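Going down the list, the sequences are from chains V, U and R.
Every number in this note's numbering is 7 more than the matching position in the first sequence, counting from 1.
Every number in this note's numbering is 156 more than the matching position in the second sequence, counting from 1.
Every number in this note's numbering is 333 more than the matching position in the third sequence, counting from 1.
In short, the hints are calculated from the structure, not lab data.
Since we're looking at a predicted model, the values are computed, not measured.
Ideal placement from N, C-alpha and C gives every residue a C-beta, glycine not left out.
Possibly wrong hints are sitting among the right ones.
Computed list of lysine to aspartate or glutamate pairs in DMTMM-like fashion (alpha-carbon distance at most 25 Å, straight line) [said to hold, decoys possible]: (1) 580/R <-> 570/R; (2) 462/R <-> 417/R; (3) 410/R <-> 361/R; (4) 467/R <-> 222/U; (5) 166/V <-> 221/U; (6) 409/R <-> 428/R; (7) 225/U <-> 417/R; (8) 9/V <-> 422/R; (9) 427/R <-> 453/R; (10) 9/V <-> 431/R; (11) 171/U <-> 169/V; (12) 427/R <-> 10/V; (13) 467/R <-> 221/U; (14) 409/R <-> 10/V; (15) 427/R <-> 88/V; (16) 166/V <-> 222/U; (17) 90/V <-> 422/R; (18) 473/R <-> 221/U; (19) 9/V <-> 423/R; (20) 460/R <-> 88/V; (21) 462/R <-> 431/R; (22) 225/U <-> 423/R; (23) 427/R <-> 450/R; (24) 487/R <-> 428/R; (25) 440/R <-> 10/V; (26) 462/R <-> 428/R; (27) 302/U <-> 88/V; (28) 626/R <-> 607/R; (29) 225/U <-> 169/V; (30) 467/R <-> 88/V; (31) 473/R <-> 303/U; (32) 390/R <-> 356/R.
Which stretches of chain V does chain R cover? Using the computed rule of at least three CB atoms under 8 Å from a CB of chain R, they are [to be verified]: (33) 11-19; (34) 83-91; (35) 96-105.
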Amino acid sequence: MKELATIRFIGIRMSRDFITMILLLGVPIILITVFSIILGEVEGLSGTPIRDETVVLLVLGFQLFGGAITMNYVHQDLFAERKNRLLSLPMNTTLYGFSIMLAGIIYSILLGIILITYTTMVFDVNWGNFIWALLVITLMSSLSSIVCLVFTFSVKNFKIAERLSEVYGVGMILLAGLFFPMPDNALINMFNDYVNPLMLAYSSIDQVRSGGLSDGWLYAALLSVLILIAFGLLLLTGRRRMP
Amino acid sequence: MTIFRFALKRILRDKTNVLFLTLFPIAAIFLPTAEDGWPLLPLGYQYFGILLLFVSIRLTSIMIEDRQKGVVKRLAAAPVSHFNYLWQNLLAFSVIMIIQIIIIISGGYAYGHELYEPWNLTILYLVFMFTAISISLAWNSLYRSKESSFLIFMAVIVLMALLGGILFPVEMMPVVFERIAVIFPTYWLSEGIEWIVFGEDRGDFLFINGVLLLYALFFLIIGSIRRIS
Amino acid sequence: MTIASIKGIVKRYKHQIALDYVDLDIHEGEILGLLGPNGAGKTTLIHCLMGIIPFDKGVIQLFGQEGAVFHHENKKKMGLVTQEITVFEELTAKENLEFFAGVYGLKGEEKKQRVKEALEFVGLSSKAKQTPNKFSGGMKRRLNIACALTHRPKLLIMDEPTVGIDPQSRNHILDAVRKLKEQGTTILYTTHYMEEVQSIATRVVIVDQGQVISEGTVDELINNIQHEEKILIDVNDATMIPIDRLKSLEGVKQVQVNGSVIQIISNAGAGNLDRALSIVKETSGVVGIQAEKPNLEDVFLTLTGKQLRDGEDDPS
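Start from the sequences, fold in the hints, and give me the full structure.
As structure tokens, then:
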């Protein structure tokens, strides 16, 4: 499985990609810090400090953008400048694509862990069960990478794929009502309850945090269903586009 | 006016650009008014300043592209002054953003939004537009790649909006943050919006616009230094 | 022995024919120069040979196996130096080589050794721990070549490996290609610089508009288009020269004396320079010699009616 062995090098490349690091780690740290200071210890209607709600949503929200690194590397290596060289190598390019995806997911999870640790230690944010939070972060990171790859394979112009990935991230945050409250519309509410990965992930963590383990499982299961659907689309689109 | 004409052509040839430039101001018109009394203007009008910042960084990025591809070097060798290159490009960006401002103000008026003083709001947006273009120009001059510049600036915009009182009222923030808020141009935009809603002393409105124009001038000077490579 | 044999390959891009029934053999141990202008189909041919793109018609035999271009076992015996610099900018030179060595199945000590050798071979040992974004254009090109060498390919395909670099780096690369040949590597070298092909290739194939229009050694190609050889010898005393003896040399058509210069015109391929010179030297001192001979550029011009660098961008 020499394709999987390339994960090491993909990891090294990602760790030296400072712009991505600033965007996926530096920016959230700054935003979380600013938000945490502004929000202070104010309690929300549910009794949970608003800071805990906002910070958890922010960390999960940034996971929506984690797939950007996966799609960029897949594009660079298999569709752009390095395509011919990598195709000339004695390896299975589909497996190599999966290696990139795996590396991207691990990278995003690691950034998530750093953010969870930072928010817990510095602002005493209550994440409930750490292992559970990690599981949810893993699901979010996997979903983001898969969705971004579906975009990469679905459209010919990579710039449009990038815009779609931004629409995915910003759109979910917008629908979750993080920028401003969404109108009380049945369709939007249903979307947020059953489809919006950000809300599913948040609800899962929130339920486990407040003792509702079974509901926590339910939301995680819904998130997993989304992953399965996205993975199905990935196989369909990938088979058509993979070089 | 060749540079102006071609700057416009280049911007409008990119289909995503055209979509981005027209769809967002139109969508902003239809955003609702907050129920709890803040923001004071309908949400689309409160956040329009953020959109202006996004649009300006996107538009000015063609100047980084010119630097990356050596067009600036070529122009330096042509009988065109750098000043000419600069103002014609800035004029092209301004024309596009002025159209957006006209769309949102006239659209809001037609839609029936309470905009208090639409003419003064137009002036405020126009002045902030110049500030936004200047900031983007200065920001871009720090970068070699338009992608890095754009991505990091997105985060800076969110921070400026947050700390300048566009997303939260400044009064809600801790004292230190409240004090440092004045250094962000976005603070003066939200102050301007407040003036438009409550309309007190006209001198205040002039002062707010004056500060924004000073910012525009400051960043314009930084951003207009010619960087060939 | 033939290690790659291409027969009747056709490749179309929509309505454009990139390769039009191309036949080509690559023999073991040779440097085969693939010469043609931009857009001639060189890169497309290479990509078909490497199994990077499928072709519409024809057969490619690699290492004696038919239809084997997509087999990983064959890819392991081949190396591709791409026209573009396709190294990883975020990895150091050494890490780049380790990546490619790993993909070619090298492990442990052997991998370490091969990486070290490849770095030495292209003269980048001192830069092993630096990332390529700090390299000059020539250094990047050398690293680009080294990435295809760690697994010691039997057949190395180099697609315009010297584009856009300084003469010093070009010479370094050409020397490296010669050394590889000495070590037994077969090389397919594509370029549109005829000086390069003339200096390193053992055999040349000229392609234009997707077709092979001529092939042979440089001398053979030149002889094919040359109708006569002209030798000019400048001597101290022309009156003493035995003109009749010169005229009696095989293939000589005409001998003329113009002042101190003796002009000898022979049939193409007569190769009379040495013989004529020794006859002249017997009776007079020689001041200068000039043998007018066409080069590959002339060959190309004769065969296609255009200059080598006239073409358009490669469709691939």
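(request) Quick one: which hint numbers does this structure break? Sort them smallest to largest. (result) Structure breaks no hint.
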